[in-house]
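There are 2 protein chains.
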Amino acid sequence: MDKFKITFYPEKKTIEIGKGKTLLSAAISLGINLNSSCTGDGVCGRCKVIIKKGSVSTLPSGRITNEERKKGLYLACLTTALSNVEIEIPPESRLDLSKLSDEEAFLSRLKGVYTKAESIEKSEPVINEDIFIHSPLSTRLYLEMPDPNLQDRISDLERVYRQIRKVRDVKIMQTGLANIRHLGNLLRSSDFKVTVTLGNRNDTTEIVLIEPGDTSKNNFGIAFDIGTTTISGQLVNLNTKQILGTKATFNQQATFGNDIITRIIYAQKEEGLSRLHHAVIDGMNDMIQALIKENNIDLNNVTCCVCAGNTTMTHLLLRVDPTYIRRDPYVPTANFVPVIRSQEAGIKINPRGLLGCVPGISSYVGGDITAGVLACGMDTEKDLCLLIDIGTNGEIVLGNREWMISCAASAGPAFEGSGVSCGMRAREGAIQRVKINKSTYESDVTTILNSKSAGICGSGYIDLIAEMLRAGIIDKSGKIKDIENKHIRVGKLGKEFVVDDNIYINDVDIDNIKRAKGAIYSAAAILVKHMELNFSDIKKVFIAGGFGNYLDMENAITIGLLPDIERSKFKFVGNSSLLGAREIMLSSDAARKAEEIAKKITYFELSTDPKYMDEYVAALFFPHTDANRFANIKL
Amino acid sequence: MDKFKITFYPEKKTIEIGKGKTLLSAAISLGINLNSSCTGDGVCGRCKVIIKKGSVSTLPSGRITNEERKKGLYLACLTTALSNVEIEIPPESRLDLSKLSDEEAFLSRLKGVYTKAESIEKSEPVINEDIFIHSPLSTRLYLEMPDPNLQDRISDLERVYRQIRKVRDVKIMQTGLANIRHLGNLLRSSDFKVTVTLGNRNDTTEIVLIEPGDTSKNNFGIAFDIGTTTISGQLVNLNTKQILGTKATFNQQATFGNDIITRIIYAQKEEGLSRLHHAVIDGMNDMIQALIKENNIDLNNVTCCVCAGNTTMTHLLLRVDPTYIRRDPYVPTANFVPVIRSQEAGIKINPRGLLGCVPGISSYVGGDITAGVLACGMDTEKDLCLLIDIGTNGEIVLGNREWMISCAASAGPAFEGSGVSCGMRAREGAIQRVKINKSTYESDVTTILNSKSAGICGSGYIDLIAEMLRAGIIDKSGKIKDIENKHIRVGKLGKEFVVDDNIYINDVDIDNIKRAKGAIYSAAAILVKHMELNFSDIKKVFIAGGFGNYLDMENAITIGLLPDIERSKFKFVGNSSLLGAREIMLSSDAARKAEEIAKKITYFELSTDPKYMDEYVAALFFPHTDANRFANIKL
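Chains A and B supply the protein sequences, listed in that same order.
The first sequence begins at 1 in the numbering used here and counts up by one.
The second sequence begins at 636 in the numbering used here and counts up by one.
If we strip away everything but chain A, and leave its shape as in the complex, we get:
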């Protein structure tokens, strides 16, 4: 078979590929992350590359304009080499694998996770951290044992067991050979003073580690929220519950598709599952390294982690084949994953440390929602509540302590700042607030950390569209009107509204956001209707997602993302998935509760409900085709 050398610039990385292999697959093999939300089907048009040298063969695509073709632009996914080729990757084709963010600004955005949202003054804090008994997934216990003597010569291992049982009520105790092998020496060299790390492992207690001396003070865990677009991690002192650091990063799986369906499809390709698995694991391991370095913590003192993610993310994390999630009747391989060793999933903490996955509900409502329900305490509420988790998937839970029903809608990554022209994650320089002068169309923006604006994050887009509506820049269908103003121009993909320097929004972006908000709103509407209720019957609406308390509620209602009900009913709970994961890591009581919640929530399949498409199409309008539903907004 003919082989050609493909060299990518500016990386200057070369790979030899066989004839017929696409340039995209060459890039992936080299670890170069190109945008490719359609996973190489030639549909999204995001993987444009410039051929500098060599000859190629390509398939026709409407995604390449004539002008682009003249400049030597090709879609990497549709192009194969006919000779050795040199390629340049334009910046816009590159997946934004921004560095881990942990700026003060980001942390302050996450504040909504721990305290009530600023915008809902005087309402009680949503989260009561002391609801659950403090009993972490892994505990370190210092033991001082009596030396053996002729009257007391039970074996070393039994001596350790006996001492643990003096202070803990342990029914089933387990331990591995690794801890037994050198126990004799360890106990004697430490004068029978050791620290045991105990793990709550599937209703048994496992001695995870036995170490000399008193190391009980050093016990840390990491809670993760694994989103389709964003991964967040939080380092916690398991003894004091203190949060030592929080970080977020884009999920590098985005190279292989923007949403869970394209990723499931990619997982079925050769090496696909393994690549998706490593993409998420690498991101998590980088995050762990950054968190422990900043806090000057030894990796061996990180003894457990707990991950909450949607069902597909959890499958990919564990390298479990996700194929059947998207095949009728949509059954995942596991909703309840046993506690395993982190190492088995490739997560690098203490080699014997544990990994818990928050139990999921169904193929499309996962452990992140279980964690969210736990975090906002919806399962204990007497009143009717609605939880809306805004992410790449929008998940909705309706109910109270008696019953709960859930559904999921694919919103796309727009609210996470991905898949939109100037989108970015909520980190330094992201426009998070926008006001538009109705006369001049001048934008007054607030960026995170007040830095030079670098892009627009989710809350910024919601503000922006609400303000464009109010200023009359767009019509109710979202089209930018024909207005002569220096802020309105025509770009590659149609009309653009310029917010700030090079930051703009175009018709395509607005359409993306409209579909995202439409999907989420209509899912909530269907669920409420299905239970023969009205939005007005709901007493509390928990808004979860990366926005934290930076989401402007009025604007979110104005664009038709949230229902137009009494404002005081809304409670921002921020990244409730991360919070729930942390609670579960800190308390076996919370872990049990999470299992109960996952078992209790009924799943409602939108795709099999013929009314959903009607509801969705009706929602593709700002705020909605049925203006009566949004009678209280002022435009």
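For the record, the hints were derived by calculation from the structure and aren't laboratory data.
Warning: the hint list may mix true and false statements.
[To be verified] Listed below are several chain A residues computed to face chain B (Cβ distance under 7 Å; list not exhaustive):
id	residue
1	ILE172
2	HIS182
3	LEU183
4	PRO338
Idealized CB from N, CA, C, for every residue including glycine.
Given the structure of chain A, go ahead and fit chain B onto it with the hints provided.
The following block gives chain B in isolation, referenced to the frame of chain A:
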């Protein structure tokens, strides 16, 4: 550092060793097994080699005669190379690593394990195999599950759990990631008809394996008795309890010392523990391979094994440091070892198969004795019983269902046919019965399988000495008398009595056997005295060990190995350790019982009892210095 090439013949194996390293260490590194019961201290004089070429430096030793020195013989453990050296290993210096034995004869010897001893006619069978509920360490269960549909779409793993719980009462169910990863495909490609292998793992049920189709019929396990000198293994159909094959082999650890103390010392040397571990594991793995090949069984269908061994053997099997077993106050690292994966210990069955170790009692009374007590049912006896397990260690248990006390004495390997001039294990050609004509001193021998006599096994030695006593060939101290007879001659180590062609016994051998029987008898005597009882108070004496029912009881009493009490009280239980291990493998009920037994038995330390040495010295006579104790024997 200077390096020299050392070549061993007839193997023609060469190794380069540094100056100062002994020839014994060179042989060990090459995997050549020399006799070395003192582990290289220059004491036993068994590792003689002939230097054919090259120059060496050696330390003086009384173990090499002048004549031998002239012939070029050296002790490998005391000799280092000064140049490249060529060495020949004389056959007598080679450890007898006989092939696995599984001859019919051997099996018939083991019959005592399952049926009453022939010599005790009309007494009830000792072992009731149906005492325990049939519930093997690992079970294979065929499941036919309903396909998922929109009304029944619990996850795949939950579906498996649910089906298992329909037929089994399982409290805590566990499984590993390996079984989850491809479960989706597995269930669908097998039309939701699978076989699960369930393991009883430390009070929880583990799904060890999930396989397509109905493989429930193929479920096998191997029970092992790991003795200091001999390893026995038995392949069992876990479904039917049928015994498919039994094998025995010498424990290759003998290269590193004949008894547990020398092995513990060896374990502390560099690589020592690892070598001892591999020596036992390799023997077991060879045995497993032979057993499955003969029975045409796939290794993956061997799903568990259970090992009974003395405490040191169990430690070495698991590669657990045994150092503290022989240090005051004699505490092992673990008496109760959790069920682990066989693979963790290096035992090659199904890679996810389980390994159970029968719990031990103390540093010198191990799981083999727990298994033995279980097998002979002593823990359920109302009457006072005595269990004597005759092996390289002699272990004694005295008591009944109310109380039990145990002790251990080091007997040496003579009764297992090791460490004596013409000793061999009980396999084809071994002399197992001897009669001596009192006039001619002609021996009438019976060999196993009536083959040409190749050596003498334990039961043969007992007969031989009893008959030599009766014929007046030896005196009561065991010395061969000055008699002119063609069967009596002078050999290298003093007088020899010639049994058959090249088969003989000498004064040193008789001494070895005298010490072995003296150690065992006096241990039993001390235990009985300690409890302020007499041998005559005992209602049943269980005789355990490799002899099976081939031990001549009268002769064993005649030489003073067994106490001189009513013959009908003796019951031969054969390898009760192997039998107990098999029972435990076949029943979780028996496994629980074994734990109770191990906890219940008190350990009595002989070495701290000043009376033991007196008792032992008094027993170094045939039958005993106190003839009144053996009033009923006729010489």
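### Task
Any hints from earlier that this structure breaks? Give me their numbers in increasing order, please.
none
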